[in-house]
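Protein chains: 2
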Amino acid sequence: MADPRSGQPVPTAALAAFAAETRYEQLGPAVVRQVKRCLLDFLGQVIGAADEPALRHAQAAVEALGGRPQALVFGTGLRTSARQAALLNGVASNSLDFDDTHFPTVLHPTGPALSAALAVGEWQRVSGQELVAGFAVGFEVECRVALAVHPEHYEAGWHITGTAGTFGGAAAAGRLLGLDAQRMRWALGLAGSQAGGVREQFGAMAKALHVGNAAANGVFSALLARHGFDATEQIFEGRRGFPAVASSGQHLERLVDGLGQRWEFEHLGFKPYACGVVLHAVLDALLQIRTRHQPAPEEVERIEARVHPLVLELADRPEPESGLAARISVQHGAAMTLLDGACGASQFSDQAVQRPASVALRRKVALTADSSLGEDQAEVRLLLRDGRRLEARVEAASGSPRNPLSDQQLREKFHDLVWPYLPRWKEERLLELIERVEELEDAGAFADLLEPTESA
Amino acid sequence: MADPRSGQPVPTAALAAFAAETRYEQLGPAVVRQVKRCLLDFLGQVIGAADEPALRHAQAAVEALGGRPQALVFGTGLRTSARQAALLNGVASNSLDFDDTHFPTVLHPTGPALSAALAVGEWQRVSGQELVAGFAVGFEVECRVALAVHPEHYEAGWHITGTAGTFGGAAAAGRLLGLDAQRMRWALGLAGSQAGGVREQFGAMAKALHVGNAAANGVFSALLARHGFDATEQIFEGRRGFPAVASSGQHLERLVDGLGQRWEFEHLGFKPYACGVVLHAVLDALLQIRTRHQPAPEEVERIEARVHPLVLELADRPEPESGLAARISVQHGAAMTLLDGACGASQFSDQAVQRPASVALRRKVALTADSSLGEDQAEVRLLLRDGRRLEARVEAASGSPRNPLSDQQLREKFHDLVWPYLPRWKEERLLELIERVEELEDAGAFADLLEPTESA
Numbered sequence: 001m002a003d004p005r006s007g008q009p010v011p012t013a014a015l016a017a018f019a020a021e022t023r024y025e026q027l028g029p030a031v032v033r034q035v036k037r038c039l040l041d042f043l044g045q046v047i048g049a050a051d052e053p054a055l056r057h058a059q060a061a062v063e064a065l066g067g068r069p070q071a072l073v074f075g076t077g078l079r080t081s082a083r084q085a086a087l088l089n090g091v092a093s094n095s096l097d098f099d100d101t102h103f104p105t106v107l108h109p110t111g112p113a114l115s116a117a118l119a120v121g122e123w124q125r126v127s128g129q130e131l132v133a134g135f136a137v138g139f140e141v142e143c144r145v146a147l148a149v150h151p152e153h154y155e156a157g158w159h160i161t162g163t164a165g166t167f168g169g170a171a172a173a174g175r176l177l178g179l180d181a182q183r184m185r186w187a188l189g190l191a192g193s194q195a196g197g198v199r200e201q202f203g204a205m206a207k208a209l210h211v212g213n214a215a216a217n218g219v220f221s222a223l224l225a226r227h228g229f230d231a232t233e234q235i236f237e238g239r240r241g242f243p244a245v246a247s248s249g250q251h252l253e254r255l256v257d258g259l260g261q262r263w264e265f266e267h268l269g270f271k272p273y274a275c276g277v278v279l280h281a282v283l284d285a286l287l288q289i290r291t292r293h294q295p296a297p298e299e300v301e302r303i304e305a306r307v308h309p310l311v312l313e314l315a316d317r318p319e320p321e322s323g324l325a326a327r328i329s330v331q332h333g334a335a336m337t338l339l340d341g342a343c344g345a346s347q348f349s350d351q352a353v354q355r356p357a358s359v360a361l362r363r364k365v366a367l368t369a370d371s372s373l374g375e376d377q378a379e380v381r382l383l384l385r386d387g388r389r390l391e392a393r394v395e396a397a398s399g400s401p402r403n404p405l406s407d408q409q410l411r412e413k414f415h416d417l418v419w420p421y422l423p424r425w426k427e428e429r430l431l432e433l434i435e436r437v438e439e440l441e442d443a444g445a446f447a448d449l450l451e452p453t454e455s456a
Numbered sequence: 001m002a003d004p005r006s007g008q009p010v011p012t013a014a015l016a017a018f019a020a021e022t023r024y025e026q027l028g029p030a031v032v033r034q035v036k037r038c039l040l041d042f043l044g045q046v047i048g049a050a051d052e053p054a055l056r057h058a059q060a061a062v063e064a065l066g067g068r069p070q071a072l073v074f075g076t077g078l079r080t081s082a083r084q085a086a087l088l089n090g091v092a093s094n095s096l097d098f099d100d101t102h103f104p105t106v107l108h109p110t111g112p113a114l115s116a117a118l119a120v121g122e123w124q125r126v127s128g129q130e131l132v133a134g135f136a137v138g139f140e141v142e143c144r145v146a147l148a149v150h151p152e153h154y155e156a157g158w159h160i161t162g163t164a165g166t167f168g169g170a171a172a173a174g175r176l177l178g179l180d181a182q183r184m185r186w187a188l189g190l191a192g193s194q195a196g197g198v199r200e201q202f203g204a205m206a207k208a209l210h211v212g213n214a215a216a217n218g219v220f221s222a223l224l225a226r227h228g229f230d231a232t233e234q235i236f237e238g239r240r241g242f243p244a245v246a247s248s249g250q251h252l253e254r255l256v257d258g259l260g261q262r263w264e265f266e267h268l269g270f271k272p273y274a275c276g277v278v279l280h281a282v283l284d285a286l287l288q289i290r291t292r293h294q295p296a297p298e299e300v301e302r303i304e305a306r307v308h309p310l311v312l313e314l315a316d317r318p319e320p321e322s323g324l325a326a327r328i329s330v331q332h333g334a335a336m337t338l339l340d341g342a343c344g345a346s347q348f349s350d351q352a353v354q355r356p357a358s359v360a361l362r363r364k365v366a367l368t369a370d371s372s373l374g375e376d377q378a379e380v381r382l383l384l385r386d387g388r389r390l391e392a393r394v395e396a397a398s399g400s401p402r403n404p405l406s407d408q409q410l411r412e413k414f415h416d417l418v419w420p421y422l423p424r425w426k427e428e429r430l431l432e433l434i435e436r437v438e439e440l441e442d443a444g445a446f447a448d449l450l451e452p453t454e455s456a
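Top to bottom, those sequences are chains R and V. Throughout the first sequence, residue numbering follows the numbering used here, covering 1 to 456 in sequence. Throughout the second sequence, residue numbering follows the numbering used here, covering 1 to 456 in sequence.
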C-alpha cells in the first residue's frame, strides 16, 4: 500500500484494500451501533417517501426500461435490477430532505452507501454481518473522499453527495460483490468517471437523483469491475484524477490518515426536521421560544435570525414555489415551526407552502449572516406586537454530532414516517431486524419483510 | 427565448426549443449528407468492435442486470433496454479509437448522440427523417456545449466527450421521445447532473465508458423528463450550472450564436487511422515517406517529429502496455505505419504491441513540441543508417476538416471494419439503408437488418 519510492501510502490502493478486506470483527461496537441507527433512519425515510413525486416519476422511467427482479424498492414494492433498486431507494432517501449529514463536509452519506449495500446485499443474499461491513466501508470511503476535496469542491458548486457518494456506493457494492483489492481499485476508478451533480439543482427533483445516481453508479462501477472492465488505478492521486479535476484544493492525506482506526461515523448527525440541515439551528431556537412562551402567530411582528453565512447562501428563500423548494427555505421552516410546533414531512408539503398563515409569517423573517456562528448555531429574536422580545440562542442544533438524537428520538422519527405505510406488526418486526442485523444469515430479510403481500 | 430584461437569448431555453422543434426540412442537404457519413462511419465501428474486451465486459455487466429488449447492440446481437443499448453501442463506438472528431474541441460527437438516437429511434419506431433530425440536433447541442466550456474544461482534465456528450445524448433521445421544449429543458438539466469522466482514464477501458455513459445517461435524462421528473431550467446560465461549476472559463454566447443557421457538422473530421486524432499528422507524414522511399525498417536510425504540444501531453507513450494504451502512443503508431504501411484496428491489437520490430522502432522516436504547428500538422524526419534524411511536412492531416476523407475512403474504412462480421449482402444492404435513410418509414430497419439470424 506504500509507494516504493516515498514510503507514503498510495491512497487508491489503500482505500481499495480497506474496502475489500476490512472484516466485520474489525468494526468495533461503536461503529456497529451507529450503523444500526443509520439503518433505522434510512429505512424510515425510504418507506415514508412512498408518495413523493420524485420517486414515483423516477420509478415510471425505470419501469419503462425493465430489469431483473433482484432487489426491492422499499417504498413502492417494485422489484428491479440491483442498480435500479439502488437508484430508486437513493432518490427516496433524499426526497424528504430528512437524511443524515456528515457535518465536516455537508455530505449525506447513508443514502448512497446504504442504498447500494441493501440492493446488492439482497441480490447476493449476503449475511447481516457482511451487510454491516459493506455499508460501513462504503460510508467511510465516501466521507474520506468528501474530506479530500472539501471545502473547495462544494464551494465550486458540486453537490458533494452526488460526487463523493459515488465512491461510497462503489465501495459498498464492490465489497458485497466480493471484489478483491485489485478490482476494487478499478471500481473506485470507474466511480470517479461516473460522479456528478451540480448545486443548481437544489429545489428540483434532480437533487435527489444525485443521491440515487451515487448509489446506482456505484453499483454499476463495481459490477463492471467484477466483469473485468478496467479503469485507472490512480483515481485519487493521478494528475487527472477526480480530486485534481473536480476541486481547486486537494487534501489527499485525509483519505488515509487513521484509516481503519477512526471512523467518520462519529461526525454524523441525524435530522430532527425534514428539511435542509442548515435550517435546523433556527428551528431549534424557534421551538424553544414557542414551548416557553406560546406566542400567537398573529402577534408576531418580526422574526430576526443571526446565522452562519452558508444559511443565507443556500436557504434564503422567502417565496418557495413548492414543498421541495420549501425544504431549503429558512423562512418557510421558521413559519411552520411557529404555527405547528413541528417540522416533519407534512410541514413541507405543497399544501403547507400555500397556507396563508405561513405566507404571512415568512415575510416577517429577517436574516443576518454572522460568520462568528457555526453552521449548527443560531440566535433568534421574536418581536411581538405588544413590544415583547423573545430570544433564544442555540449552541449546537439538535441532531448535530455535538447534540445527537437519542435512540428513542430516532424511533419516534421512524414511527412518524412509516405508520401510514406499514402495519404495526411489520414496523415492530423491522425494528427487531435492525436491532439484530449482525445475527441475520440473509440480509435480504429486510426486503422479504417489506415486500407487499396480500395479507399486509 | 429572450430574457425579458436584457433581450438576450436564454441559452437553455433556446437550445431546448431548437432540439425539440427543428424540423427535418430545416436541416438542409449539407447536414443530411454529413449525417449519412456519420451513420456509415459509426456503424462500421460498432460492428467492427464486436470482439473488443471493453464491449464484452460491459455487456456481461449489463446482462447481469437485465432489461426489456428495446434496442439492439449492433456488434453483438444483444437486445436490451434503450438505455443499455445506447451504453454498449457508445462503448463500442469509442473502443477502437476510430471515431470522428469535432476539431475545435476534440469532442467525439457522433458516439453519444447517435448511440442515443439509434437506440431510442428503434424503441420508438420513428421514421428515418426523425432519426436524422434527432441525431442532428443532438450533435449540434453537444458541440455547442463543448464550445461553451472549451478549452478550460478539457485542460482541467475533463473528458469532454463524456461531459458535453451527455447533453447531446439527452437532446437526441428527448427529441425522439417527443419531449416538448419545457421537458427538453429538464432533460438538458438532468444531463448536466449526469455528465462526467476524467482524462486520467485515457488508456483504460473506462475511457470508452464515458462515451457509452454520455449516450445512456442522455437517454435516461430524456426518459425521466418525459415522466415528469424535473430539474433546473437554467443548466447553462445558472450560477451553479454546468459551465460555471465544471469550467474556469465560460463562453455561453457560443451556445446560441447562429443556432439553426450554421451547423458544427462542417468542423467534423473522420479518422483514417484507428488511434487518437493527435497522432494523425505524424502518421500521414510517415506514410508519405514510406510510399515515396520504401525505407527498410531495420535501416531506420531515428524518427524525429515536430508536433503540437498537445501531442506530447496526450500521446508520448514509448512503452504502451496494451493495444488500448498503444492507441494514444505516437511511438507505436509511427512504428506500425513504417512496418505495415497502415494504421487500422489490427495495428493496435495487444499482439501488435508486442511485435519486436515495433518495440525496436518505438525506441527510435524523438518528439519535439512546437506550438507554431496546429494540432493537425506535423514535420517528420527519418534518419537512415546510410546517412539519408527523408522528410515530410503535413499541413492538414487527412481526415481533418481541411482535408476530409472522401465518401469512397469512408466506404473502404467501413468495409475493412465490417467484413469479418457481416456477410457481403448485409454490408451492401446496410450501405443502401444509410444512403436512403430519409426515405425509411421505420428507423428500426438498421437493427432489423443487423440482428443475427440463422441464415446470416
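Since the hints were derived computationally from the structure, they do not count as laboratory data. Even for Gly, the Cβ is constructed at its ideal location relative to N, Cα and C. Warning: the hint list may mix true and false statements.
[What the hints assert, rightly or not] Computed footprint of chain V on chain R; a stretch qualifies when at least three of its residues, placed anywhere within it, have a C-beta under 8 angstroms from a C-beta of chain V:
no. : region
1   : 211 to 223
2   : 238 to 250
[As the list claims (entries may be wrong)] Here are the simulated distance ranges between beta carbons:
no. : chain 1 : residue 1 : chain 2 : residue 2 : range
3   : V       : R125      : R       : P29       : 24 to 34 angstroms
4   : R       : P104      : V       : Q288      : 28 to 38 angstroms
5   : R       : L310      : V       : R262      : 36 to 46 angstroms
6   : R       : E155      : V       : E321      : 54 to 64 angstroms
7   : R       : E253      : V       : Q354      : 55 to 65 angstroms
8   : V       : E451      : R       : G28       : 54 to 64 angstroms
9   : V       : T368      : R       : E253      : 32 to 42 angstroms
Legend entry - Range hint 32 to 42 angstroms (beta carbons of V/T368 and R/E253) holds or violated: 38 angstroms Cβ-Cβ, so the 32 to 42 angstroms window holds.
Legend entry - CB-CB spacing for R/G28 and V/E451 relative to the 54 to 64 angstroms hint: Taking Cβ atoms as reference, V/E451 and R/G28 lie about 56 angstroms apart, which means the hint holds.
Inset, instruction - Go ahead and decide if the range 36 to 46 angstroms is satisfied by the Cβ distance of R/L310 to V/R262. - result: Given range 36 to 46 angstroms: holds, Cβ gap about 44 angstroms.
Inset, instruction - Look at the Cβ atoms of V/R125 and R/P29 and judge whether their distance stays inside 24 to 34 angstroms. - result: 59 angstroms, violated
Inset, instruction - Verify the coverage statement for the region 238 to 250 of chain R against chain V, using a C-beta to C-beta distance below 8 angstroms and requiring 3 or more qualifying residues. - result: With 8 residues closer than 8 angstroms to chain V, the region 238 to 250 of chain R meets the three-residue bar; holds.
Legend entry - Status of the given 28 to 38 angstroms range, CB of V/Q288 versus CB of R/P104: Given a distance of about 60 angstroms, which is not inside 28 to 38 angstroms, the answer is violated.
Inset, instruction - Indicate whether the distance between the beta carbons of R/E155 and V/E321 respects the range 54 to 64 angstroms. - result: For R/E155 and V/E321 the Cβ distance comes to about 38 angstroms; the hint is violated.
Inset, instruction - Count residues of the region 211 to 223 of chain R with a Cβ under 8 angstroms from any Cβ of chain V, then say if the count reaches three. - result: Contact hint for the region 211 to 223 of chain R vs chain V: holds, 3 residues under 8 angstroms.
Inset, instruction - For the range 55 to 65 angstroms, tell me whether the beta carbons of R/E253 and V/Q354 fit it or not. - result: Taking Cβ atoms as reference, R/E253 and V/Q354 lie about 40 angstroms apart, which means the hint is violated.
Violation of the numbered hints given earlier is confined to hints 3, 4, 6, 7; the remaining hints are satisfied by the structure.
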